[in-house]
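2 protein chains.
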Amino acid sequence: MSVPNLLLLSSSRVHGHGYLEHARAQLENLFKASNVKTVLFVPYALRDHDKYTALVRNAIAPWGYDVEGLHTKENRGQALRDAQALFVGGGNTFVLLRTLYELQLLEPIREQVLQRGMPYVGSSAGTNVATSSIHTTNDMPVAHPPSFEALGLVPFNINPHYLETDPNSEHKGETRDERIAEFVAYHCRPVLGLREGTSVRVEGNKATLLGDRNAKLFQSDGGSKELPPQADLSFLLSKD
Amino acid sequence: MSVPNLLLLSSSRVHGHGYLEHARAQLENLFKASNVKTVLFVPYALRDHDKYTALVRNAIAPWGYDVEGLHTKENRGQALRDAQALFVGGGNTFVLLRTLYELQLLEPIREQVLQRGMPYVGSSAGTNVATSSIHTTNDMPVAHPPSFEALGLVPFNINPHYLETDPNSEHKGETRDERIAEFVAYHCRPVLGLREGTSVRVEGNKATLLGDRNAKLFQSDGGSKELPPQADLSFLLSKD
Chain H
1 MSVPNLLLLS SSRVHGHGYL EHARAQLENL FKASNVKTVL FVPYALRDHD KYTALVRNAI
61 APWGYDVEGL HTKENRGQAL RDAQALFVGG GNTFVLLRTL YELQLLEPIR EQVLQRGMPY
121 VGSSAGTNVA TSSIHTTNDM PVAHPPSFEA LGLVPFNINP HYLETDPNSE HKGETRDERI
181 AEFVAYHCRP VLGLREGTSV RVEGNKATLL GDRNAKLFQS DGGSKELPPQ ADLSFLLSKD
Chain V
1 MSVPNLLLLS SSRVHGHGYL EHARAQLENL FKASNVKTVL FVPYALRDHD KYTALVRNAI
61 APWGYDVEGL HTKENRGQAL RDAQALFVGG GNTFVLLRTL YELQLLEPIR EQVLQRGMPY
121 VGSSAGTNVA TSSIHTTNDM PVAHPPSFEA LGLVPFNINP HYLETDPNSE HKGETRDERI
181 AEFVAYHCRP VLGLREGTSV RVEGNKATLL GDRNAKLFQS DGGSKELPPQ ADLSFLLSKD
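Here the protein sequences come in this chain order: H and V. Okay, so the first sequence: first residue is 1 according to full-length UniProt numbering, each after it adds one. Okay, so the second sequence: first residue is 1 according to full-length UniProt numbering, each after it adds one.
For the record, the hints were derived by calculation from the structure and aren't laboratory data. Among the clues, some could well be false.
[Claimed, not checked] To give an idea of the interface, some chain V residues facing chain H are shown, with a C-beta separation under 7 Å as derived from the structure:
(1) ASP48
(2) ARG81
(3) HIS135
(4) LYS172
(5) GLU182
Quick caveat, the model's predicted, so the values are computed rather than measured. The beta carbon of each residue, even a glycine, is placed where N, CA and C say it ideally should be.
Next up, chain H with everything else stripped away, as it sits in the complex (with noise of 0.2 Å):
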């Protein structure tokens, strides 16, 4: 088994699908390379977590797997030690990151998924929580967390919900590629715009994205490149 066992989904939904539907293959590959029966799902991106575990469990359980709510649980660390594996689900990601810094989840998740090596499946603001940092989400600030800093599952950011701005739109507020390029600006680090659709798999040292389309990759140096389906992104793990 290879350490970290990440998948990290840009969206839940995509045009056209039921909810979680576009990524069933994604998912049953790794739960069934995993053993994996029962998905301890992280519900704090939204506001009513029971209802979202419910949403959760009614995609996934046709297709045999049970969801436990971690906010169900009295011990939280006990449960992160016994999880099979870890679905973080999207939402507002600071209301998301500010939750596990209040109740002290990171280092806990960090410990599990880097060193037990426990699966992790992130969607949206599930992703931008495990990459370095949540500079890179399109969210609202609704909440204020301590740090914008993440678990660091990955050593690059991701852009969720990735899209072009139409070039005939007479808005002048910014595009979604000059506030990507303003990260890069302030931060030299990489960021992966990650279309609808599209996944991020990644198993030790190798990553592959997963999905039909392509993902733009915005590099440290200010340039840019769309990488294809498929395509390595090992070298993105590399935090050289």
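Since the structure of chain H is provided, determine the placement of chain V on it from the hints.
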């Protein structure tokens, strides 16, 4: 003279107009009424402070106003006390607010605006920091301010560059309205969605919507309503 004396622009650029051109009459009305000849510009929301100050100078010098950059002043507190008017430019709201905290400028600005009645003009990020907090900025969080609480020159929040999301979009990221509703749900505070080309003018306890488009008010109870050009917004100044 009414205190406070504010002009809060949604944006400095509007499709089909030069930089600040759409707001010329609004700016000149304010400057003439307060006998302003020189504007103290706060350029911290962008990286190149000299270039940004020159951009503003070139825009309003032809109208007969001089512009000085706060970043060129050795004694910023004295510069604020001497200023005829303050203009806080747009860019990245997080960078702007973090810099205001770092340079300990929030209290001196509040004092000048709320006690001495110094005219304050803000645009986009400069409008966000004038309100209760920057929780309703659209920007990417490229910097981490110690708090999202801002100048509080008005007791509500503004979403600059407000626009409806295209209802035919196949994109699954949250819409602008969903993002603002999320803020309201967490904070129970009203948000004024300020479309490009519109502004809020505050003179003492009177506030008015300027420009020729509606604003959309997201009420603290979760409802929303459209407000027409020239709408009286004074009710938003009451803290109850």
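Quick rundown of the hints versus the structure:
Annotation: V:ASP48 was flagged as interfacial toward chain H, and the flag is violated, the nearest CB pair being 11 Å apart, outside 7 Å. Evaluation of the V:ARG81 hint against chain H yields a violated restraint, the C-beta minimum of about 31 Å exceeding 7 Å. A hinted interface residue such as V:HIS135 counts as satisfied when its beta carbon comes closer than 7 Å to some beta carbon of chain H; here the least separation is about 6 Å, so the hint holds. Against a cut-off of 7 Å between C-beta atoms, the interface hint on V:LYS172 holds, since the closest Cβ of chain H lies about 4 Å away.
The restraint placing V:GLU182 at the interface with chain H holds, with a minimum CB-CB distance near 5 Å, inside the 7 Å limit.
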